[in-house]
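For the record, the sequence lines run as chains A and B.
The numbering of the first sequence is the working numbering, which starts it at 1 and goes up by one.
The numbering of the second sequence is the working numbering, which starts it at 1001 and goes up by one.
Bear in mind the hints are in silico, worked out from the structure with no lab data behind them.
A quick note: this is a predicted structure, and the numbers were derived from the prediction, not measured.
Even for Gly, the Cβ is constructed at its ideal location relative to N, Cα and C.
Restraint ranges, calculated between C-beta atoms of paired labels, are given here:
1) Pro1070(B) - Lys69(A): 39 to 45 Å
2) Thr52(A) - Asp1063(B): 37 to 43 Å
3) Pro1081(B) - Ile51(A): 39 to 45 Å
4) Gly1042(B) - Thr101(A): 17 to 23 Å
5) Lys58(A) - Gly1003(B): 19 to 25 Å
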Amino acid sequence: AQSVAQPEDQVNVAEGNPLTVKCTYSVSGNPYLFWYVQYPNRGLQFLLKYITGDNLVKGSYGFEAEFNKSQTSFHLKKPSALVSDSALYFCAVREANQAGTALIFGKGTTLSVSS
Amino acid sequence: DAGVIQSPRHEVTEMGQEVTLRCKPISGHNSLFWYRQTMMRGLELLIYFNNNVPIDDSGMPEDRFSAKMPNASFSTLKIQPSEPRDSAVYFCAGRGQDHNEQFFGPGTRLTVL
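If we strip away everything but chain A, and leave its shape as in the complex, we get (with noise of 0.2 Å):
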């Protein structure tokens, strides 16, 4: 089964700092990963994603992530927070060979950048 952890509920972290926002994954073959961006009273907006190639993927904003099949990990990244990055951010996966499938999602880690 396809499963996607987001270990921390809550990333505080002061503005200018680097920022980390964890995710492990599990799937049966390879994954395309996912990281989605959620602010108050708003849709989830795409951040960017992992499918095959360089291990490092740059999004929005800034972000980006790294894919790290050993661990099965795709930690988002920036390297100097903003008060406005502060939002809900959800880290999502599929296996690579179920097309047609839903993304499974995890719990969301919500993140807030003090000034």
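Given the coordinates of chain A, assemble chain B onto it according to the supplied hints.
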């Protein structure tokens, strides 16, 4: 492109009433997903369609919930009768034929009194 359109954006109803939520996916997207989000349970997949055909409805909580997709540009999620525990934000999402990222609508905030 207007993105995924959901209506209404807010719905307040009384227990026992029928509720119908509507979704218009992005043109050309052939997969459609209905999710429910609450503080307690997070984001839950209710049902999804590929090419207008329901594929997996195992997330639909009870027979009170039903969903249809009569054509590629429209889907409904109906709750009949509604109960207070159905109060949540309901999201619709679409996906293109590359089967990769899903694009979410703004959601419908449902409150059942």
